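Under our numbering, the letters of the sequence shown match residues 1193 to 1288, in that order.
Think of the hints as simulated: they come from the structure by calculation, not from any bench. A quick note: this is a predicted structure, and the numbers were derived from the prediction, not measured. Certain hints may be false.
[Stated by the list, open to error] Derived Cβ-Cβ restraints for the label pairs, each shown as a range:
#1 Ala1252 x Gln1198: 19 to 27 Å
#2 Ser1196 x Asp1243: 18 to 26 Å
#3 Gln1201 x Lys1266: 15 to 23 Å
#4 Ser1236 x Asp1267: 12 to 20 Å
#5 Gln1198 x Lys1258: 32 to 40 Å
#6 Gly1268 x Glu1244: 21 to 29 Å
#7 Ile1257 x Val1222: 33 to 41 Å
Built from N, CA and C at the ideal position, the CB exists for glycine as well.
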Amino acid sequence: MKRSAQDQQAADEKAQSLELYQFEACPFCVKVRREIKRQSVTISLKDAKKDETARSELAAGGGKIKVPCLKITKDGQETWMYESSDIVNYLKQEFA
């Protein structure tokens, strides 16, 4: 996706409140990462398989170790979104 420099900066600032907990080879995670790339945003990726800290954060915050999971922090509130289709729809809605 092509944006003006100002719009891209706004999208990047908005994306700073997002973190994707994922496994490298998970096909549903690949689907979400492709949408992130399509939307031209930079979202922090956390490997919940190899990174024990990320795995603990996912279990504590989201309540289960299931990927992909998008952590959305808005106004100090955390929301944990698990389904890849829901995540893709959220990204389209927020960044398209």
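Outcome of the hint check:
1. Range check, Ala1252 to Gln1198: about 37 Å between beta-carbon atoms, so the 19 to 27 Å window is missed.
2. A C-beta distance of roughly 35 Å is found between Ser1196 and Asp1243, which places it outside the suggested range of 18 to 26 Å.
3. In this structure the supplied range 15 to 23 Å holds for Gln1201 paired with Lys1266, their Cβ-Cβ distance being about 19 Å.
4. Distance hint for Ser1236 and Asp1267: a CB-CB separation of about 19 Å, consistent with the stated range 12 to 20 Å.
5. Taken as a hint, the range 32 to 40 Å holds for the pair Gln1198 and Lys1258, whose Cβ atoms sit roughly 37 Å apart.
6. Roughly 26 Å separates the CB atoms of Gly1268 and Glu1244, a value that falls within the hinted 21 to 29 Å.
7. Our hint of 33 to 41 Å for Ile1257 and Val1222 is violated, since their Cβ atoms are close to 18 Å apart.
Hints 1, 2, 7 from the list above are not met by this structure, while the remaining hints are.
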